[in-house]
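Q: If you want the building blocks of each chain, they are given just below.
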Amino acid sequence: MYGFLIALGLLLLVSIIWMVYRVQTLVSVMKGSDKKRASGSNKVNAAMFMVFLVGTFVLMAWYSVKEFDNYQLPIASEHGQITDNLFWITMAVTGFIFILTHILLFWFSYRYQYEEDKRAAYYPDNNKLEIIWTLVPALVLTVLVISGWQAWKDITSPAPENAHVIELLGYQFAWDIRYAGQDNQLGRHDFRLTNATNSRGVDFTDEKALDDFESNIVVIPKGEPVLFRIRARDVLHSVFAPHMRLKMDAVPGMPTRFWFTPTKTTAEMREETGNPEFEYEIACTEVCGSGHFSMRKVIEVVTPEEYQKWLAEQKPFIVQNPDLVANLPADLKKVAEIMIEENK
Amino acid sequence: MAVVNTATGDSHAHEVHDEHHDSFITKYIFTTDHKMIGKQFLVTGIFWALIGGFLSILFRLQLGFPDMDMSFLKPILGGWIDESGELDRNFFLALVTMHGTIMVFFVLTAGLSGTFSNFLIPLQIGARDMASGFMNMLSYWFFFVSGLIMFASLFLEKGPAGGGWVVYPPLSALEQAIPGSGMGMTLWLIAMVFFIASTLLGGINYITTIINLRTKGMTFARLPLTIWSFFLTAVIGLLSFPVLFAAALLLVFDRSFGTSFYLADIYIGGEALPHTGGSPVLYQHLFWFLGHPEVYIVLLPALGITSEVIATNSRKPIFGYKAMIISMLGITILSFVVWAHHMFVSGMNPFLGSVFMFLTLIIAVPSAVKVFNYLTTLWRGNLIFTPAMLFSIGLVSFFISGGLTGIFLGNSAIDIQLHDTYFVVAHFHLVMGSASFFGLMAGVYHWFPKMFGRMMDSKLGYIHFWLTFIGVYMVFFPMHYIGIAGFPRRYYSWTNFDFANMYTDLNMFVSIAAIVTFVSQFIFLFNFFYSMYKGRKAPHNPWRSNTLEWTTPINPGHGNWPGEIPSVYRWPYDYSKPGSAEDFIPQTVPLSATPESNLPHEEELVKLEKQIMAEEGQVLVANESKK
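Heads up: the sequence lines are chains A and B, in that order.
Per the working numbering, residue 1 is the first one in the first sequence, and the count goes up by one each step.
Per the working numbering, residue 1001 is the first one in the second sequence, and the count goes up by one each step.
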């Protein structure tokens, strides 16, 4: 029934449009306006450009101000302050050019609309002008590029020695987390060792792997450098922590990394945003299949003291899965067994 | 396909010099006439634009109305809507992928460049046809086959390719990872191979024709900017498409023959795959070596068309003709050295990121020059707002809006946050998608009279323009906010994340705007097909334009000009020249015939012109006396 009504409505609409179209064609033939070089529509179109200019500008200004706190996510990392500054500086520069050029574009369209007794200016070139508007954008861009380059260089520089090493392993469709343990060094991995218990393919013949432990959430200390070592097990993924202004692809066969320093604990952020349930999140930003939109992981930023306390509570992977070390060479096995004993 | 009857109302048919008495098949299907091939590309492009647009409406429904019961789409989508009326997640990705592939390659490459390069090059440079009509025909039919294969892939049981239009491996290489990487991906690759062949056949032809078949007096410095843009576009395509071919071929090897160009250390579906040593990043480099120039392949023809339309309808010469050519050359060259700005966070060496950031922001300079030149062309003009002119002004607006956001994304430090968010979606849909689409529309409205000998209705054109112009901004401008807020691309829904669990209202608004914009394209469709048969008959030179195509008969036959090909004596932008009675002087008018409007340096040329004419006269007399 509804389908029939909708069809009927559409039919009616189409026939009305058709009638209007025929009537206006006939009227324009009668008035002979189709012979004129520019009909009355020329004025309407010119005016529409001004309406459009003012209307959209008001809409943009209103929405940009109203929604500022929604789209401007709070920043929680040191480099995030810098990149956000760059972002807003670029926004100021481009925003100015955006508004200026659009005023010119639509104002010229309105101001210089066709008039029968007028003649356009014959003005084919002016090298001085061309040079000015080649050099000015070039200079502005140079400044923007150089400040961006400085920031990029610092962000991608090698992580400090004391950075807390955490491995993020992306797979369809979740993240696995591995901490480097007390030695702050991750054990080797080999994708061929992956199985149901050893989902990360950790190579336990590497002594550094023995103290590695897993965690369900990423816990990191405020104010201390953190190094994410990023891997993928099956297809491309990408680690995106929006509040940290952090993004790096996870590539099968090619470990990547990103280091940063968090500046606000989760508790502080909860207070700042007034949202008692606030969590820092990691999302995936490289399309990876049907569950791409659900690869959520929580980051909890705590004070350094809380972090040390939490760290001390964690038990190495091998303690929970002692059979993993069953086939190790004798000397390593002994170390492992001591470790398991200590952590019981 | 070619439903066009050019003979309708053709009062000049008897004048056509080169009449072949073609059969239906040689005239409309396997034709070698560049004009018919151009129309074939156009109609096929329109078909694909409808499919591509429709797919985007489907995923916009999901994004704008995530709780909607989509059961009513079952008649079309069948099994892709499950029992509870939800859209299948893999199919959502397939929709996004096919929308991108279709729009970028089939609509904006073939539909835009294919249509207008074919149609305009011989007409505007004064040639009877393309250098090789047969290759030109092959170019269309390879494109057609490519389209058939891609179209067939939409109906596969496991769906078409679904790894995004960039089809990054390993996702696109492993069927275990996503169903679309099975047969769907195979068909995608085969279709692209045919498409690349089509583009190369066309490109070689465009370049050869422009270099070799220009009429007398048509020097490079007198070419309309449209031709310059088609020429440079063809050069870019010729140099970059083979790289995509190589990338696709290696992907075929990885998928089917067990090689490891792109695959390494993969554990999927409970087993470790034997691949080692490959690099997914290699594919990204190869892909974007085409992928970035591709942006300019779709954009340059649109800018060329706009230059021509704006100059004609401002009744002014295009400002800075030489600067326009130099900036297009600059864009052409630079387009090959900026590709890795798509990969700042791909894990490639950060030093490379620095290099590509510098190169990327340099390319903004010639683009800025072009914008300022368009603005100055409008300044003190006498603007006639034909629908083509409106679409050209719209293009300039999109080119500015989308171009400026490129300055954010080209800056690697800022790109860390914005990469693969809706900010990117907003950016390229404005600067590449909508701008090029508006170029296409401007071209259709402007050259429709030349194509079909009839006029399109301008009132409907105005309505179409305003609905589309406002609609496009309402669709893509809000995406900037969503992008700054960090919403990732290609997400089926955002409710899993606290940071993105908002803007449901804005997404709904975007979806409604998208539907309205899509529906308004039917006004154009009606106008296009109705005017083809019932439109007002076109006058000889409806826009009072200078270029050569308007010197042909209203319905030019195969061979374009009934008699001799006209010679060219001046550049194509002598609009409103001081001293001349009319506000335009076609390229075929000798300088010696317009002493009242010649500029000082042109007086020199007049002498030269007279000399050449005198020599020609002697040759003619000598030939006569030999007989």
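Derived from the structure by calculation, the hints contain no laboratory data.
Even for Gly, the Cβ is constructed at its ideal location relative to N, Cα and C.
Hints are supplied without guarantee of correctness; some may be wrong.
In the DSS-like style, the derived pairs of lysine-lysine whose C-alpha atoms are separated by at most 25 angstroms in a straight line are [said to hold, decoys possible]:
| id | chain 1 | residue 1 | chain 2 | residue 2 |
| --- | --- | --- | --- | --- |
| 1 | A | K36 | B | K1607 |
| 2 | B | K1459 | A | K31 |
| 3 | B | K1537 | A | K31 |
| 4 | A | K208 | A | K315 |
Example chain A residues on the side facing chain B (calculated, C-beta under 7 angstroms, incomplete) [stated by the list, open to error]:
| id | residue |
| --- | --- |
| 5 | L105 |
| 6 | Y110 |
| 7 | Q113 |
| 8 | L139 |
| 9 | L141 |
| 10 | F191 |
| 11 | T197 |
| 12 | N198 |
| 13 | P225 |
| 14 | R233 |
| 15 | A267 |
| 16 | M269 |
| 17 | T273 |
| 18 | V287 |
Covered by chain B, according to a simulated footprint, are these stretches of chain A (three or more residues, beta-carbon under 8 angstroms) [said to hold, decoys possible]:
| id | region |
| --- | --- |
| 19 | 44-58 |
| 20 | 124-136 |
Q: Output the numbers, in ascending order, of every earlier hint that fails for this structure.
A: Checked against the structure, the hints that fail are numbers 1, 6, 8, 11, 12, 13, 15, 16, 17, while the rest are satisfied.
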